[in-house]
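Asker: These are the residues of each chain, in order.
Protein chains: 2
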Amino acid sequence: MLSISSRGQQMPPSPIRKLVPYAEAARKRGTKVYHLNIGQPDIETPPAILDAVRHADIKVLEYSHSAGNESYRKKLVEYYKRVGITVSHDQIIITTGGSEAIMFGFLTCLNPGDEVIIPEPFYANYNGFACSAGVTVVPITSRIENGFALPDISEFEKAITPKTKGIVICNPNNPTGYLYSRAEMEALKNICLKYNLYLFSDEAYREFCYDGEYVSALHLEGMDEHVLLMDTISKRYSACGARLGALVTKNKSVYDAAMKFAQARLSPPGLAQIMGEAAVDLPEDYFRAPKAEYLARRDLLVKRLNAMKGVYCPNPGGAFYAIARLPIDDSDKFCQWLLESFSYKNQTVMLAPATGFYGTPGLGKNEVRLAYVLNLDSINAAMDCLEKALEEYQGEGSR
Amino acid sequence: MLSISSRGQQMPPSPIRKLVPYAEAARKRGTKVYHLNIGQPDIETPPAILDAVRHADIKVLEYSHSAGNESYRKKLVEYYKRVGITVSHDQIIITTGGSEAIMFGFLTCLNPGDEVIIPEPFYANYNGFACSAGVTVVPITSRIENGFALPDISEFEKAITPKTKGIVICNPNNPTGYLYSRAEMEALKNICLKYNLYLFSDEAYREFCYDGEYVSALHLEGMDEHVLLMDTISKRYSACGARLGALVTKNKSVYDAAMKFAQARLSPPGLAQIMGEAAVDLPEDYFRAPKAEYLARRDLLVKRLNAMKGVYCPNPGGAFYAIARLPIDDSDKFCQWLLESFSYKNQTVMLAPATGFYGTPGLGKNEVRLAYVLNLDSINAAMDCLEKALEEYQGEGSR
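Sequences listed follow chains V and X, in order.
At position 341 of the first sequence the residue is numbered 345 (our numbering), and the sequence of numbers has no breaks.
At position 281 of the second sequence the residue is numbered 285 (our numbering), and the sequence of numbers has no breaks.
Think of the hints as simulated: they come from the structure by calculation, not from any bench.
Any given hint might turn out to be false.
Unchecked claim - Below are the DSS-like pairs computed for lysine-lysine, each with C-alpha atoms no more than 30 Å apart in a straight line: (1) X:LYS79 / V:LYS22; (2) V:LYS78 / X:LYS63; (3) X:LYS63 / V:LYS36.
Based on the provided sequences and hints, a complete structural model is requested.
Answerer: Take a look at the structure:
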């Protein structure tokens with residue numbers, strides 16, 4: 005018998021997508037499903053950046069430079085300057101989505117068997133990239149009681165072993181929406197300097213910070229050698245399908261090594277780079293409208309959730325996710341039940357069980373992640389469904 | 005000190021791109037450089053497939069299915085049928101270029117420390133993907149004397165160890181242009197069945213077969229569990245920058261495991277999928293013109309090379325590459341010299357030293373790879389340069 009590799013076996017299936025067949029079945033039954041389970045915004049991709057592709061004069065769609073078109077990298081230098089990050093174009097590698105930036109970072113800095121510490125709950129696909137690279141994820145727990153703030157530095161220190169090579173953060177955070185404070189970022193800096201660790205910083209949601217200050221890992225002084233910024237245009241410009249990201253680092257050895265992985269795959273997507281370049285020239289106030297929209301959605305979602313009996317949802321400071329504690333015993337079962345056995349006015353809601361975002365088994369069983377990527381009316385309708393569902397589910401003895 | 009990972013250190017730099025700074029310097033001196041060093045065709049990307057993107061009605065550029073849009077996969081089923089391959093859409097995973105298909109294949113089927121046998125000279129980036137996946141490449145040598153035919157099966161058997169898990173072929177071949185015969189493909193089948201090996205088959209150039217029959221790995225009966233087809237639209241439609249490929253396998257366990265890697269990176273590029281889907285609807289005779297053009301170029305290139313004193317170039321049956329033996333002692337030095345110290349009528353030619361395509365150290369030192377991706381006039385001018393260069397280089401005592 006031909007066998008699948010160990011990593012092919014161990015590779016975790018996407019926890020967000022495993023409920024998809026139940027959602028499809030619900031839709032086939034004629035039930036409308038509100039998708040709060042996945043970070044696919046309904047915000048329009050700016051027409052101007054799609055027009056840039058439409059009007060591009062392309063005779064031969066050639067490979068770009070393996071680091072991405074120089075013209076795009078130079079545009080990104082302007083963009084980063086606006087968010088207070090000073091980099092040069094030869095400190096940027098354009099990647100196929102933020103995903104590839106994470107993968108290049110892990111492959112470049114970490115050996116098989118090395119460990120990275122990640123505050124949980126965390127973006128589930130970090131598990132997949134770690135598995136691909138043979139890296140061990142060591143979770144330390146952030147807690148809903150304090151809004152998923154950074155765990156105390158003593159928790160990091162307890163988790164550090166000789167194999168620990170880095171810390172991975174997502175700021176503002178997916179799945180919690182938590183925005184790390186300057187004090188928390190400084191604490192991360194101190195521990196990275198003390199223990200000589202890389203700081204892998206996923207900042208896909210930086211444009212969407214509602215309360216408090218956005219502090220990038222690249223704002224931290226004295227950390228130039230330690231930081232790998234993992235970025236993407238997916239959420240910023242609602243262009244998830246473009247698959248365009250960036251790995252940014254001032255560590256020249258890391259950059260040069262990452263470039264070898266970039267060369268092996270030849271180049272990032274060409275048409276998407278035209279979009280990305282045009283995006284930097286969007287009007288300065290472009291982000292005002294989507295940010296105001298997300299803020300209104302957050303306020304509504306959090307208010308509706310906290311008004312439900314037995315539900316608690318901390319107010320997330322950024323991104324477009326929230327984690328809520330529900331009066332349920334098993335979020336996987338509950339989310340499946342919502343799709344399989346429940347409807348209200350012929351509608352239901354799809355949520356992501358939080359279990360998939362924790363590395364520690366057993367955590368997240370009474371929590372769900374909600375992505376507020378639908379308009380206010382849909383959020384209200386989805387919350388009506390959830391409210392009724394919780395009443396009904398409890399009435400059924402939590403099954 | 006923060007350190008780079010072992011694989012980051014061992015990762016080979018691109019052998020094709022390492023001469024780029026010398027080419028840039030030549031261009032800055034005002035010397036025209038004919039680029040026969042890289043497989044970037046000058047053939048126009050079919051306007052109809054770019055128009056499909058231009059006219060696509062996109063409000064939100066969303067993530068596609070992780071396996072790629074179902075509509076595109078269903079179109080590809082039609083395409084594969086035309087080339088005699090019967091597959092269903094749920095045996096296809098759309099990837100970011102052929103590169104990602106290779107990477108998914110290696111990650112899914114091979115453990116770190118496992119070995120794959122590859123006839124050399126081979127596509128140099130297989131080294132990069134193997135290094136990323138911790139896999140060992142075991143080269144067996146094909147020889148210019150018989151046009152780089154498949155090495156004798158006894159050579160494969162000598163190379164097989166308990167760690168051997170697969171064979172990688174590229175057919176028609178990059179860098180040799182060799183087109184494997186039915187008998188050779190059957191021989192590969194027999195050895196895969198006998199030793200229970202995967203057959204990773206890179207068929208990026210299938211449309212460009214000039215002499216003899218194209219036999220896909222998926223044409224081989226009884227090999228459904230063994231074959232992973234790695235494909236791309238890059239060369240087929242001269243759309244290298246689209247970054248759109250496919251992994252095709254009838255082995256359900258492999259497919260399901262590969263899908264987990266696909267889910268982790270969310271989706272392949274969205275705009276490129278629109279191109280790929282439109283490409284299947286190009287007129288049936290679309291390939292006639294580019295194929296005739298490549299054939300004319302091949303004939304000219306091979307004729308010109310073999311007319312040069314001390315040069316031998318076997319006639320490649322497919323793709324758009326040829327390897328020539330030159331009267332030189334060190335192809336790396338010679339290719340650099342062409343850019344650094346030589347010009348004829350203020351022109352020179354950039355070639356790829358064949359050393360980068362061999363796994364066995366010392367091989368390829370008197371061979372270069374030529375990509376016939378330029379028009380006939382340019383090929384003639386480039387061959388004029390090479391002819392003069394060889395006279396001059398030998399006159400200088402081969403330095």
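Asker: With reference to the structure, classify each hint as holding or not holding.
Answerer: Against the structure, the hints:
1. A C-alpha spacing of about 26 Å is found between LYS79 (chain X) and LYS22 (chain V), which places the hinted pair at or below 30 Å, so the restraint holds.
2. Restraint check for LYS78 (chain V) and LYS63 (chain X): satisfied, since their Cα atoms lie roughly 28 Å apart, inside the 30 Å limit.
3. Taking the CA atoms of LYS63 (chain X) and LYS36 (chain V), the gap is about 21 Å. The hint holds against a cut of 30 Å.
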